[in-house]
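Produce the complete structure using the sequences and hints provided.
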Amino acid sequence: MSTFAVRCNGLTKRYGEVAAVEGVDLAVQPGEILSIVGPSGSGKTTTLRLIAGFESIDAGEISLRGEVVSGLKTHVPPERRRVGIVFQEHALFPHKTVGENVAFGLHKLGASERSERLREALELVRLTHLERRYPHELSGGEQQRVALARALAPNPAVLLLDEPFSNLDADLRARIRGEVKSILADAGVTVVFVTHDQDDALFMGDRIAIINEGRIEQSGTPEQVFHEPETRFAAGFLGVADFLPAEYSNGTVKTELGSFPMSGESSGLCEVMTRPDDIEVTRSPEGSARVLSRTFQGISDLYVIELPSGAVVRAERPHHKRFEPGDSVRVTVAPHYVARCFAQADGKLMT
Amino acid sequence: MVMVPAVLVGLAMLLPIAYLAIRGAGATTEAWELLFRVRTLQIIGRTTLLVVVVTGFSILLAVPLAWLTSRTDLPFRRVWSVLTAMPLVVPTFVGAFLFISVLGPRGVLQQALEPLGVDRLPAIYGLPGAALVLILLSYPYILLTVKGAFQGLDPALEESARTLGHGRMSTAFRVTLPQLRPAIISGSLLVALYTLSDFGAVSLMRFPTFTWVIYQQYQTAFDRSIAGVLSLALVGMALAIVLIDSYTRGRIRYHRTGSGASRKAEVVRLGRWRWPALAFAGFVVVMALGIPAGVLLHWLVRGLLVGEPLLLLWSATVNSLVVSGAAAFVAAVCSIPVAVMVVRHPGRLSNVIERMSFTGFALPGIVVALALVFFAVNYARPVYQTAWLLVFAYVVLFLPAAMGATRAALLKVSPSLEDAARGLGRGPLQTMRTVTAPLIVPGILMGAALVFLIAMKELPATLILGPLGFKTLATAVWSASTEAFFAQAAAPALLLIVISSLPMAFLVTRDFGESTSSGSDYS
Numbered sequence: 019m020s021t022f023a024v025r026c027n028g029l030t031k032r033y034g035e036v037a038a039v040e041g042v043d044l045a046v047q048p049g050e051i052l053s054i055v056g057p058s059g060s061g062k063t064t065t066l067r068l069i070a071g072f073e074s075i076d077a078g079e080i081s082l083r084g085e086v087v088s089g090l091k092t093h094v095p096p097e098r099r100r101v102g103i104v105f106q107e108h109a110l111f112p113h114k115t116v117g118e119n120v121a122f123g124l125h126k127l128g129a130s131e132r133s134e135r136l137r138e139a140l141e142l143v144r145l146t147h148l149e150r151r152y153p154h155e156l157s158g159g160e161q162q163r164v165a166l167a168r169a170l171a172p173n174p175a176v177l178l179l180d181e182p183f184s185n186l187d188a189d190l191r192a193r194i195r196g197e198v199k200s201i202l203a204d205a206g207v208t209v210v211f212v213t214h215d216q217d218d219a220l221f222m223g224d225r226i227a228i229i230n231e232g233r234i235e236q237s238g239t240p241e242q243v244f245h246e247p248e249t250r251f252a253a254g255f256l257g258v259a260d261f262l263p264a265e266y267s268n269g270t271v272k273t274e275l276g277s278f279p280m281s282g283e284s285s286g287l288c289e290v291m292t293r294p295d296d297i298e299v300t301r302s303p304e305g306s307a308r309v310l311s312r313t314f315q316g317i318s319d320l321y322v323i324e325l326p327s328g329a330v331v332r333a334e335r336p337h338h339k340r341f342e343p344g345d346s347v348r349v350t351v352a353p354h355y356v357a358r359c360f361a362q363a364d365g366k367l368m369t
Numbered sequence: 007m008v009m010v011p012a013v014l015v016g017l018a019m020l021l022p023i024a025y026l027a028i029r030g031a032g033a034t035t036e037a038w039e040l041l042f043r044v045r046t047l048q049i050i051g052r053t054t055l056l057v058v059v060v061t062g063f064s065i066l067l068a069v070p071l072a073w074l075t076s077r078t079d080l081p082f083r084r085v086w087s088v089l090t091a092m093p094l095v096v097p098t099f100v101g102a103f104l105f106i107s108v109l110g111p112r113g114v115l116q117q118a119l120e121p122l123g124v125d126r127l128p129a130i131y132g133l134p135g136a137a138l139v140l141i142l143l144s145y146p147y148i149l150l151t152v153k154g155a156f157q158g159l160d161p162a163l164e165e166s167a168r169t170l171g172h173g174r175m176s177t178a179f180r181v182t183l184p185q186l187r188p189a190i191i192s193g194s195l196l197v198a199l200y201t202l203s204d205f206g207a208v209s210l211m212r213f214p215t216f217t218w219v220i221y222q223q224y225q226t227a228f229d230r231s232i233a234g235v236l237s238l239a240l241v242g243m244a245l246a247i248v249l250i251d252s253y254t255r256g257r258i259r260y261h262r263t264g265s266g267a268s269r270k271a272e273v274v275r276l277g278r279w280r281w282p283a284l285a286f287a288g289f290v291v292v293m294a295l296g297i298p299a300g301v302l303l304h305w306l307v308r309g310l311l312v313g314e315p316l317l318l319l320w321s322a323t324v325n326s327l328v329v330s331g332a333a334a335f336v337a338a339v340c341s342i343p344v345a346v347m348v349v350r351h352p353g354r355l356s357n358v359i360e361r362m363s364f365t366g367f368a369l370p371g372i373v374v375a376l377a378l379v380f381f382a383v384n385y386a387r388p389v390y391q392t393a394w395l396l397v398f399a400y401v402v403l404f405l406p407a408a409m410g411a412t413r414a415a416l417l418k419v420s421p422s423l424e425d426a427a428r429g430l431g432r433g434p435l436q437t438m439r440t441v442t443a444p445l446i447v448p449g450i451l452m453g454a455a456l457v458f459l460i461a462m463k464e465l466p467a468t469l470i471l472g473p474l475g476f477k478t479l480a481t482a483v484w485s486a487s488t489e490a491f492f493a494q495a496a497a498p499a500l501l502l503i504v505i506s507s508l509p510m511a512f513l514v515t516r517d518f519g520e521s522t523s524s525g526s527d528y529s
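Going line by line, the protein sequences match chains R and C.
In this text, residue positions in the first sequence follow this note's numbering: the first is 19, and each later residue adds one.
In this text, residue positions in the second sequence follow this note's numbering: the first is 7, and each later residue adds one.
The set of hints was computed from the structure by calculation and includes no laboratory data.
You can trust all of the hints, since none of them are fake.
Sample of chain R residues facing chain C (criterion: CB under 10 Å; computed from the structure): (1) 73; (2) 95; (3) 97; (4) 126; (5) 172.
A short list of chain C residues far from chain R (calculated; beta carbon distances all over 12 Å): (6) 246; (7) 288; (8) 390.
It should be emphasised that the depicted structure is a prediction, and the values quoted were computed from it without experimental measurement.
Ideal placement from N, C-alpha and C gives every residue a C-beta, glycine not left out.
This is how it looks when you write it as structure tokens:
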């Protein structure tokens, strides 16, 4: 129980009538990186701010290293929580040098220990040579690393990252993401990382929590949440997914692409998820489906195909098997396909 | 195309100070000797003391008020926000005469205390009176710049400091205050220059600083070059203040290193501290607004009861409106070529022109007025003793205000907008008329309103350059109060405040609209 670095139970925060976060449960193991991913306005940043202690909670409990920091009666102020935070804008103090920024959280240490920790932190992010520069004299990537060093220097119980890559353009982003991940691994720190970008979330996270409208939809390893989504939202949010209308009864689910045996006993109207690599396409003059468009992707092509009912699926095919818009085709599912079926009423996985 | 008018405007702005320098070089030896006499040192000392005292106390009032009205849950915060900025519309000569009539040895306060056996109050003339009036009427310059800085402050900076183990106090002193420093400095620069060039308060409070001594010299001495040399010394002090300001800015840059939307900062809950906070804000507002307004009404009623003639008031009002309006119009028009040059054709020449057009910012009104008197007497007789010369002086003095607004408006029009219009088949003039002009006109009007507001309150240049018998509201108030005819001064003073508040209301509501529309970006 007390082994969790961060634990949130039933975390709730309301602004007036609106619940920004409602009943959020999270648990992060020491040294683990948890990615919280969701669309804007989903409550992910609020969750982060609650953990940091910038806002008070309305219900639930937060504990860091087993010690309750936010509860109904307790609110430990941010400066006594030992959390480090890196903002999207880096928030470096413009009137202080790189060295002064990084040493800012070491004010309670003696002089020799302080300079030792400053040196270590700068070495960790490989910026020792820039110690005397001011933030505006640095590139975006360097500012990012200073912000990391500053947050890591006081040896925080948990490091919070708030959309740290969303200011960077695509090229830089991929490189810096890799750098940050290796720095975090070297530091061995527990991390809660918040983003709206699924690529960032999948790349950085040991585990992913998908948040929507203030609630956690699903959490698990990247593989779990990607391949075994538990809600329709989670399925649609990560990666490309199409949903076909279906009916679940007597242990089978009937769709336009065929019937699939199911292990559960549910029944009712639902939707079945397909991903582009689940769909196979064969040329057939009698085929009842029609190619609407083709998007060139280099190694493969992405096709949008209309089924007889009017439903649309996307299929990814190797570049040497080429179809053109207007072609009549036959659509089947790949042998490895396992149907995942979400109730039309509440979007929950049917079993 | 804009270069010629821009250069002409720049040169015209430089005329007074250049001419004064030339004249100074040719001044009589007696005049130069006078500058190094003990008496001059005393004037420098008094002036410096006044500037330091006023600026220091203004900071002490303005910074806490700025924090209370922008970051806390002070009850009726919006009301306080407006009230604390309002003293800006009260000219110093009005404030001075009102305070004299209340706190003077036999003023309203003494009369109220008479039954208690108080038959005389200590004199408020001199440094205490002048400083009191200038502090209460000029602290809003710092208040407004600091509030602007509070709005631009990235709350993530303070939050970072908190997570790095610094409490509220430590964060305030190590992170927030250093971020506010440039705003405090530039507000202080305004207050210091305002104090240095003030004539109304020091003349009525009989505190002989530069402006008051120069005026007396000009009125009484036979050798006018003494006033000229003293003016040069005053310009030297203004220059020193500007230099100190740019020196203190130093190497450190104070802007947000990132870009993108900023969040609103958390509102500080005052709890039981809200009572002392309310008392503090209330005290400042009562002193700077309540007492002046109350006393003004008192004198107004007294004046009406004894039947003060209002005829004079009418012509003074018309004079004020006409010269200030003309100055606002000319300044706005002159600001356009200079702003276009500076924004669209940056380079060394634009830089020089910009500097030249900003000379009025540091020049005290009395200096510009004297220089123009000398110049007109020698080279431009026909305009001497006409309102044209007065309007020119206003334009030199207040063009910087118009420039600021026009330049800001122009900066918002990206050149690609104009390029887009050209690409859609509009010629340069059509583009100007259909795209650029509609976008910048509101900004230019704002600048004109600002010039109008300041010109209405201008005193020394009006006294010196106004044609014989030419009265404005400002000079009417001043001449009545120098003779202690307070009831006579009340009506023009009230009119002056009301008229100059109108553009102020326009500016404030505009500002308010902008800040609320951009204030909702909390995510």
